[in-house]
Amino acid sequence: MKEIMIGNAAVARGMYEAGCGVVSSYPGTPSTEITEFASLYNEIYCEWAPNEKVAMEVAFGASLGGKRSACAMKHVGLNVAADPLFTMSYTGVNGGLVICVADDPGMHSSQNEQDSRHYAIAAKVPMLEPADSKESLEFTKRAFEISEKYDTPVILRMCTRIAHSQSIVETSEREEVPQKEYEKNIAKYVMMPGNAKHRHPFVEERTELLRKEVSESDEFNKVEMGGTEIGIITSGASYQYVKEIFGDKVSVLKIGMVNPLPVDKIKDFADKVQRLVVIEELDGVIESHCRNNGINVEGKELFTNIGEYSQKTIAEVLGLEKKESIAPDTALPIRPPVMCAGCPHRGMFYTLSQNKVTVSGDIGCYTLGAQLPLGAIDTTLCMGASISGLHGFNKAMGEKGEKKSVAVIGDSTFMHSGMTGLVNIAYNASNSTVIILDNSITGMTGHQQNPTTGYTIKGDPASKIDLESFCRAIGINRVRVVDPYNLLECDKAVKEELAAEEPSVIISRRPCVLLKYVKPKKPVVVDTDKCKSCKKCMKLGCPAISMHNKKAHIDATLCVGCGVCEQLCAFDAIKGEE
Amino acid sequence: METKSIMIVGVGGQGSLLASKLLGRVLMNEGYDVKVSEVHGMSQRGGSVVTYVRYGEKVYSPIIEEGEADFVISFEKLEGARWAHCLKKGGKLIVNTQQIDPMPVITGAAVYPENILDELTAKGLDIDAIDALSLAEEAGSSKAVNVVLMGRLAKYFHIDYNKWEEALAQSVKPQFIDLNKKALSLGYNF
Chain A
372 MKEIMIGNAA VARGMYEAGC GVVSSYPGTP STEITEFASL YNEIYCEWAP
422 NEKVAMEVAF GASLGGKRSA CAMKHVGLNV AADPLFTMSY TGVNGGLVIC
472 VADDPGMHSS QNEQDSRHYA IAAKVPMLEP ADSKESLEFT KRAFEISEKY
522 DTPVILRMCT RIAHSQSIVE TSEREEVPQK EYEKNIAKYV MMPGNAKHRH
572 PFVEERTELL RKEVSESDEF NKVEMGGTEI GIITSGASYQ YVKEIFGDKV
622 SVLKIGMVNP LPVDKIKDFA DKVQRLVVIE ELDGVIESHC RNNGINVEGK
672 ELFTNIGEYS QKTIAEVLGL EKKESIAPDT ALPIRPPVMC AGCPHRGMFY
722 TLSQNKVTVS GDIGCYTLGA QLPLGAIDTT LCMGASISGL HGFNKAMGEK
772 GEKKSVAVIG DSTFMHSGMT GLVNIAYNAS NSTVIILDNS ITGMTGHQQN
822 PTTGYTIKGD PASKIDLESF CRAIGINRVR VVDPYNLLEC DKAVKEELAA
872 EEPSVIISRR PCVLLKYVKP KKPVVVDTDK CKSCKKCMKL GCPAISMHNK
922 KAHIDATLCV GCGVCEQLCA FDAIKGEE
Chain B
31 METKSIMIVG VGGQGSLLAS KLLGRVLMNE GYDVKVSEVH GMSQRGGSVV
81 TYVRYGEKVY SPIIEEGEAD FVISFEKLEG ARWAHCLKKG GKLIVNTQQI
131 DPMPVITGAA VYPENILDEL TAKGLDIDAI DALSLAEEAG SSKAVNVVLM
181 GRLAKYFHID YNKWEEALAQ SVKPQFIDLN KKALSLGYNF
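Just so you know, the protein sequences line up as chains A and B, in that order. When we follow the numbering used here, the leftmost residue of the first sequence carries the number 372, and every step to the right adds one. When we follow the numbering used here, the leftmost residue of the second sequence carries the number 31, and every step to the right adds one.
FYI, nobody ran anything at the bench for these hints, they're computed from the structure. Owing to the predicted nature of the structure, the values given are computational and were not obtained by experimental measurement. Heads up, the beta-carbon is just placed ideally off N, CA and C, and yes, glycines get one too. Fair warning: there could be bad hints in the mix.
To be verified - With a Cα cut of at most 25 Å, we get these calculated DMTMM-like pairs of lysine to aspartate or glutamate:
no. : chain 1 : residue 1 : chain 2 : residue 2
1   : A       : 693       : B       : 95
2   : B       : 34        : A       : 679
3   : B       : 153       : A       : 695
4   : B       : 107       : A       : 687
5   : A       : 922       : B       : 144
6   : B       : 193       : B       : 95
7   : A       : 636       : A       : 654
8   : A       : 893       : B       : 167
9   : B       : 88        : A       : 619
10  : A       : 620       : B       : 63
11  : B       : 122       : A       : 926
12  : B       : 119       : A       : 687
13  : A       : 505       : B       : 87
14  : A       : 727       : A       : 926
15  : A       : 892       : A       : 839
16  : B       : 185       : B       : 32
To be verified - The calculated label-pair distances, taken between Cβ atoms and stated as ranges, are:
no. : chain 1 : residue 1 : chain 2 : residue 2 : range
17  : B       : 154       : A       : 671       : 35 to 43 Å
18  : A       : 743       : B       : 185       : 40 to 48 Å
19  : A       : 743       : B       : 60        : 40 to 48 Å
Said to hold, decoys possible - Covered stretches of chain B, as calculated for chain A (at least 3 residues, CB under 8 Å):
no. : segment
20  : 52 to 63
21  : 117 to 123
22  : 201 to 207
Okay, chain B solo, but in the shape it has when bound:
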């Protein structure tokens, strides 16, 4: 099979590391060769962060570039727009409709673009927009946005839902399993 590429993008501190860990584990458990590439460190907090997940029979490059991604999963609207050009033709953008103002917007040096998702749709992109923050809060914590979005991604995969729950249990601390299972299912069933 051809190597598939998934990008997870968002704002540093939103929990993309757990999302990529979960996804990497699901794919490895399915028997794929997997590479996950991310940027670490506190100094990324509040900044634009990107994680690459690639899987297939044999994966070489750990990174994803323009026109290569099958999915871009964005934890925030503006970040979705920032990385949408990485989608290949026919790729899908799954985006959390949450707006987080970057510092230049906060200081008034820039304006947060309006109707950002409509503009992307107008460019012909296939967009699945969900309010993952509300669903995460419904699951019990605003921090579960990451798992809600992974649940949403799971919908587009031909992998048994139980396998996602199994990988989730391998990826989070025991005391957070129930909350995260709920978040996963809310994203999946939305």
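Just chain A, with the same shape it has in the complex:
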């Protein structure tokens, strides 16, 4: 059947059609929908794991148990899961195992722009890269077959433009694959030095075999001959831009298997064209491969290794004419994303900014707390780093840090990799204050369940981690819960816990205002006679509050009646529902 779907949905469809039985992932833009769509198929067991390392190990276990299995993550998630990846390359698989990783050139929603292809090369694992939804589906299915035939995990590399672009696919029925028998094989699956030494040569041979049998064939790495003045080697989204600009005017070698790359095929192609150019987003991976094999190419001296490409950027570099248009108006006010009206994080961030606290931040919606006017976050590095970073900061700063700094981390991020940092604080005794912003959901990636929410990915009831008991159990004696809609309570808690002579945890608890079960209250209203235009309410950075005719004004379509601004007004000018 013909259907239109985003690349991520097509990957999920490919898993389904390939008879995949187990998917375990941690959400991360732009990979999240792979697992969400997979969970809609009853034939696939799907779960949100606490982090990517756990997810990949679950997929490994399921493969060992004989089922086709998969996991999905964003590029930085692969850093977390790199440990199992490198050794799974040695153990190989039983049931087919596919690792989906989504890169984010242009950093639409990421903290860095790393190129996952380096992982495939370093871990010596095959990597496929589709260029649209149709290929996303087909390559996923083929990835399982390659995984089983060559006894290797296979990485499917997505990028934002492929993951989040809808295009037309041809779907077919699911093919049930019989579950493989699990056979004990210590030499293959127990990676202690003696065994690993025997597996490493296998890995090297496997790579050469994959190069010869798959990469050099036409299946993934296709030559599309056109004009021979320029030959372009490209892959993924860049392939689409190249075809958009040139159509058949140039010859193209489209790379669908990024690792191992072909050698003979590229040499043949090079012989047929006058000028050979590699166009690849991010790092010059294909280009280096060509140079290492003595093939003369142009690449990063023309095209940047920063940001996302487009038909325009490529056309400009190759000296094509610019399209006629009016000039972009660069003087317009920008519109950055903002914390929602009624966001429970706002009250806590306001408190922190008022107390002039140094805030060690983390990854989530709440990173927006760094935006003005709140400007309440000092650092954001990676998942979980808020807590471990704060401990180090306090060890360096002593009392000067301990009395003036906190870590903030969401419930999902705390489960992901924050809790190990908190164990370190308890164990190595820094007098640190950690604030868990518990909004009862994984927010930024679009509302996924996690171990603290009490529900599975399918919405079924699940065991719910009790954060208070957890923190106490690892040795934090001072644990208190506050409502971030209550500014006085927040202020008191922050002041008292910073002053305390031992580590403490403040759980700032209120569900995300966008959750369906959270019913908004009536919007607050401004009594313009009482409003003295002091603009104190504007310090909250709430998108529902603006100044109209020098008086505070509440946008009733946005306001959910959280009442935080009402508490702030010294003149009683803002009134909510009684």
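Guided by the hints, dock chain B onto chain A, whose structure is given.
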């Protein structure tokens, strides 16, 4: 045929994902090759968001750039101005006259430009401005701005109106079909 390009722009949370889903489905049902590219995630809320829809015999690039769009459909005035340079010569801007202040305007760091649409008209752009918010409210929900604007776009297409209703029924939950059909027709007939 040459590939056609439509941009849907607005403020995160205004429902551009449904609009692009509807448009993509109509075009696919008509037998075109279609690509729709969007940015996902809650972290886009309140920010400037862009969706690209391209269709034709064979579509390659999923994105649209300066001087390439046949239509820009803007859910908000300022966003219309922000993306107007993507229109090709002779392209049309369909814009909701609603004003949503971005954070720099709210905090007083910037001023929301006045007469923004007049200035664009003065630059020679073909503009169809409608108060989609009022029409959406008339249909029964302020959230239906997206479908009102798709109804407006439908007016410029040689695709049977029934096909739009059909695709709408495939794109929204059954309980919201009536409301959205009304929104579509209000935009179309405005």
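Checklist entry - Of the hints given before, which are not true for this structure? => result Violated: hints 4, 6, 11, 14, 15, 22.
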